[in-house]
Structure formats: structure tokens, C-alpha cells
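Residue-level listing of the chains:
4 protein chains.
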Amino acid sequence: MDMMKGAMSASDMPKGMDMSMLEECLEALSACMQACVMCADADAGEGMGRCAAMCSNCADMCGTMMRMMLRMNGWDMALMMSMMESTMAMCRACSAECMMHAEMSEHCRMCAMACDQAAMALEKMLGSMREMAPAM
Amino acid sequence: MDMMKGAMSASDMPKGMDMSMLEECLEALSACMQACVMCADADAGEGMGRCAAMCSNCADMCGTMMRMMLRMNGWDMALMMSMMESTMAMCRACSAECMMHAEMSEHCRMCAMACDQAAMALEKMLGSMREMAPAM
Amino acid sequence: MDMMKGAMSASDMPKGMDMSMLEECLEALSACMQACVMCADADAGEGMGRCAAMCSNCADMCGTMMRMMLRMNGWDMALMMSMMESTMAMCRACSAECMMHAEMSEHCRMCAMACDQAAMALEKMLGSMREMAPAM
Amino acid sequence: MDMMKGAMSASDMPKGMDMSMLEECLEALSACMQACVMCADADAGEGMGRCAAMCSNCADMCGTMMRMMLRMNGWDMALMMSMMESTMAMCRACSAECMMHAEMSEHCRMCAMACDQAAMALEKMLGSMREMAPAM
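Going down the list, the sequences are from chains A, B, C and D.
Residue 59 in numbering that gives the first Met the number 0 is what sits at position 60 of the first sequence, and the numbering runs on without skipping anything.
Residue 77 in numbering that gives the first Met the number 0 is what sits at position 78 of the second sequence, and the numbering runs on without skipping anything.
Residue 10 in numbering that gives the first Met the number 0 is what sits at position 11 of the third sequence, and the numbering runs on without skipping anything.
Residue 82 in numbering that gives the first Met the number 0 is what sits at position 83 of the fourth sequence, and the numbering runs on without skipping anything.
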């Protein structure tokens with residue numbers, strides 16, 4: 000991710016945005032997407048249809064969220080915050096679903112952890128964005 | 000899409016969900032995603048960075064929304080409604096951006112129409128879902 | 000898809016490319032992606048891990064292939080043909096996997112049909128592209 | 000990525016597959032996808048339509064390739080090798096395109112490096128897979 004730092008600071012970031020917070024978010028979303036793809040795959044082999052669907056949805060949302068954050072020209076505070084809220088809710092629901100099988104499924108335990116990390120990173124960044132744009 | 004109808008009615012749809020409304024949504028999201036990918040591509044050649052980014056974001060969100068709607072095992076009313084609200088806001092913002100160049104860019108005019116259609120289909124379905132789950 | 004036609008003919012399509020063949024491909028890839036997402040979801044609930052993974056892979060490849068075809072500025076014959084070959088192989092393998100469960104699973108029967116359609120559309124277009132660029 | 004290691008070793012990896020090589024590939028594909036999304040976004044603002052389209056295509060292919068590698072239940076040597084070849088060709092073409100603007104565009108220089116890394120990781124893993132399955 001070191002390579003990303005240069006490219007991002009070279010780009011027209013929203014003023015006042017905390018760079019390290021954004022990088023933390025991207026890292027957590029990327030890890031969550033990967034954990035969710037793996038968990039959905041393992042779930043399917045075990046007949047855990049609900050968990051597989053939640054993980055697949057979470058993977059798609061985290062992937063989309065990450066791509067949106069990387070597109071500097073598309074930053075719009077209200078749209079980003081709305082998608083961040085939706086993604087955070089998805090991560091929390093996916094974590095809760097995975098935690099129900101965490102004792103018997105190692106992939107669920109790991110996926111829940113990755114979902115929690117992503118939800119926390121999004122919450123932290125949302126908090127910082129709300130301070131910058133208090134009206135939203 | 001006729002093929003889809005059979006598969007979907009054969010699946011465990013949320014009770015009371017209007018099938019034709021869901022199909023209309025899927026159709027509109029699919030068309031919007033395609034129009035947005037094409038518009039972003041054409042925008043890039045014309046130096047329209049903001050429009051390209053909005054369209055790319057809208058394409059990713061519509062694609063993810065569509066996949067979530069197709070995963071019957073993952074239907075959760077609150078999560079779906081949150082993502083539908085976010086996607087609808089994105090479609091409207093993308094349409095507004097594209098409308099600013101609609102006179103000079105045919106792809107923007109078409110993309111704006113596709114975004115409007117997707118926003119309307121989502122709004123209609125959200126209305127119906129709110130009636131089913133009035134507390135949300 | 001009528002809206003697409005206008006946008007596409009307005010764009011810088013590769014010379015000599017058969018428009019209706021491209022539209023047929025896009026339609027088939029879109030339907031295949033949707034059928035595969037639904038099939039993977041249903042498979043997961045039935046513990047069919049192999050079929051779910053094949054369908055998820057096929058859905059992702061068809062989605063990516065479709066987006067690549069829609070980006071007129073990115074058309075490169077050799078790269079497109081390579082990805083079309085890979086996607087065609089994936090569609091055929093996914094169809095073969097789904098056909099093994101077609102008698103007991105309606106979603107597998109429909110997914111196999113959608114995969115076959117996508118593979119045929121890709122094969123037809125590949126044939127036409129090879130005539131245009133015989134050296135590849 | 001440390002979290003991934005555990006989940007992956009706990010899963011039914013293809014026998015004889017070098018785990019560290021796979022992780023290297025996943026890491027490089029993830030970084031390449033992110034660099035390509037950023038580069039496409041910046042290109043669009045500068046009217047570099049060809050580069051934006053190549054980067055968008057490369058981002059989508061790397062994302063799909065990564066997801067396919069993470070789905071242990073879907074591993075099929077021939078299909079994986081075909082997609083790896085296609086993705087490697089895309090990464091090389093995207094790197095070549097970006098290198099043409101590397102002196103004036105920092106994002107292109109970084110994207111070219113990320114594409115080269117991904118192509119190399121894929122080539123290395125393809126070499127190892129060919130030794131395991133010499134007939135392919």
C-alpha cells in the first residue's frame with residue numbers, strides 16, 4: 000500500500016480529509032472483501048446458504064466502497080457518507096451472522112473479525128467526515 | 000430475462016414481495032450499469048473527469064445492488080433498503096451530472112435517462128417495501 | 000437494450016465489427032451473470048460448494064467481459080480475444096457442472112442454459128473477429 | 000493479509016500449490032486493481048481515454064482473478080491458467096500504455112509498476128502450475 004500513498008497525496012483529495020484514516024479504510028475494506036469471498040465459498044460447501052449470501056453481499060459492497068474511495072474525481076460527501084453507512088451496516092450484519100458459526104468454522108471466525116475491522120474503520124472515518132460537514 | 004422469471008419464482012422470495020417490481024428493478028439496474036460504463040469510457044476521452052467518476056461509481060453500485068437483489072438467501076429488509084437508498088441517491092446525482100452535458104454528449108443524455116429509470120424503479124420498490132415493513 | 004444501440008453506434012466501434020453480434024454477446028453475458036449469481040446463491044443453501052464456486056467465478060468473468068466490451072476506448076483485438084476465450088471456457092465448464100444437477104435443481108438447469116447461450120454468443124463473435132484479424 | 004493465511008491453509012487448497020506464491024499473487028492483484036482504479040480516474044480528468052479504458056479493464060480483470068483464486072472450491076487448473084494468461088496479458092498491455100505517460104503522470108508511473116508486479120507474480124505462479132500439470 001506504500002505505493003498508493005504517493006498517488007493519493009498527488010491527487011485532489013477532499014480538503015481536510017485525514018489521509019491515514021482513508022488508507023486504514025481501504026486496507027480494512029480490501030481485507031474484508033477477501034475474507035468474505037473465502038467465507039462465502041467455504042459456507043457454500045457446508046450448506047450455510049444464509050451466511051454465504053451475507054458474505055457475498057458484503058464482499059460486493061466492500062469492493063464497490065473501496066473503488067468509490069479511490070476515485071478522487073467522484074468524491075461527494077453526502078453520497079460517500081450514505082454508501083459508507085450502508086456498507087458499515089452490512090459489515091456488522093455479516094459479522095453477526097458469521098459469529099453464530101465462529102466456534103465450528105474457522106473461516107467464519109476470521110470473516111467476522113475482518114467485518115468488524117471494516118465497520119470500525121468506516122465508523123471512524125464517518126465520524127471525522129461529520130465533523131467536517133456537520134450539516135450532513 | 001424471461002428465463003430469470005422462472006428461476007426467481009422457484010426460489011424463496013421474501014413473502015409479499017411484488018415479483019414484477021423486482022424484475023423491473025433488476026432490468027433498470029442492469030441497463031443503468033451498462034449505460035454508466037459506456038458513459039464513463041466516453042467521458043474519459045473528453046476529459047470529463049467528474050462525470051467519468053460519477054458514472055463509474057454509479058455503475059459499481061448498480062452492479063452490486065443487482066447482485067444483492069438476486070441473492071434470495073441474503074434478503075434482509077433493513078440492509079436492502081439502506082443500500083437501495085444509497086443507490087437511488089447515486090443514480091440521481093449521476094443523472095444530474097450527465098444532464099449538464101446532455102446537449103453536447105449523446106452518451107450523457109442516454110446515461111441520464113438510464114439513471115432516472117433506475118432511480119424511479121428503486122423508489123417504487125422502496126415504497127412498496129416500506130408498506131410491508133412500516134417500522135423501517 | 001434499445002437505448003444501448005444508439006450510444007454504441009455513436010461511439011468509435013472497431014471498424015467492421017458486427018454491431019448485432021456484439022449486442023447479442025452483451026445480452027447473453029448479462030443474462031449469464033444474473034443466472035450464475037442466483038444459482039450460486041441457491042447452491043450454497045444446498046451444500047453444493049463446487050457448483051456455487053463455478054457459478055460465482057462465471058458470474059464475475061461474464062460481468063468483467065461485458066464491461067470490457069462496453070469500453071470502446073479500450074478495444075484491443077488480441078486482449079479481447081484472449082479474455083473471450085477464457086470466458087467461453089468458464090461458461091462451458093459452469094454449464095457442464097450445472098447439468099450434473101439439472102434434474103433436481105431448476106436453478107442449475109436454467110443456469111446451464113444461460114451459460115450455453117453465453118458460450119455460443121462468444122464463439123460466434125470470436126469466429127467473426129478471427130476473420131477480421133486472421134493472424135491472431 | 001496474515002489473517003488470510005490461516006483461513007487459506009485451513010481450506011482445501013490444490014495439493015502441491017505453493018501457498019506463499021498464491022499470497023504474493025493475491026497481494027499483487029489487489030494492489031494492481033487499486034492502482035488501476037486510481038489511474039483510470041486521473042486519466043479521465045486529463046482526457047486520456049485509451050489509458051483510462053485499459054486501466055479500467057485491468058482493474059476489473061485483476062479483481063475477478065483475485066476472487067477466483069480465493070474460491071478454493073472452484074479451483075480448476077485449466078480454467079485458472081487460461082484466466083491467469085489473459086490477466087497477465089492485460090497487465091502487460093496496461094503497463095505499456097501507462098509507461099507512455101509515465102514521465103508526465105505520476106499515477107501512470109505508479110500504475111505501470113503495479114501492473115508489472117502483478118504480471119510477474121502471475122507468470123511465476125503459472126510457471127509453477129505448469130510444472131504440476133505439464134500436459135496443460
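Because the hints were derived from the structure by calculation, they are not lab data.
Backbone N, C-alpha and C fix where the C-beta goes; we use that ideal spot for every residue, glycine too.
Among these hints, one or two may not hold up.
Unchecked claim - If you only want the chain D side, here are some residues facing chain C, beta carbon under 7 Å, derived:
#, residue
1, Gly46
2, Arg49
3, Asn56
4, Met60
5, Arg70
6, Leu78
Against the structure, the hints come out as follows:
1. Taken as an interface hint, Gly46 (chain D) does not check out: its beta carbon lies about 11 Å from the nearest beta carbon of chain C, beyond 7 Å.
2. For Arg49 (chain D), the suggested interface contact is upheld, since its CB lies about 5 Å from the closest CB of chain C, less than 7 Å.
3. Nearest Cβ of chain C to the Cβ of Asn56 (chain D): about 5 Å, under the 7 Å cut. The hint holds.
4. A distance limit of 7 Å between C-beta atoms decides the matter here; for Met60 (chain D) the minimum to chain C is near 6 Å, and the interface restraint holds.
5. A cut of 7 Å between beta carbons decides the hint on Arg70 (chain D): the least distance to chain C is about 4 Å, and the hint holds.
6. For Leu78 (chain D), the interface hint holds, since its Cβ comes within 7 Å of a Cβ in chain C; the closest pair sits about 6 Å apart.
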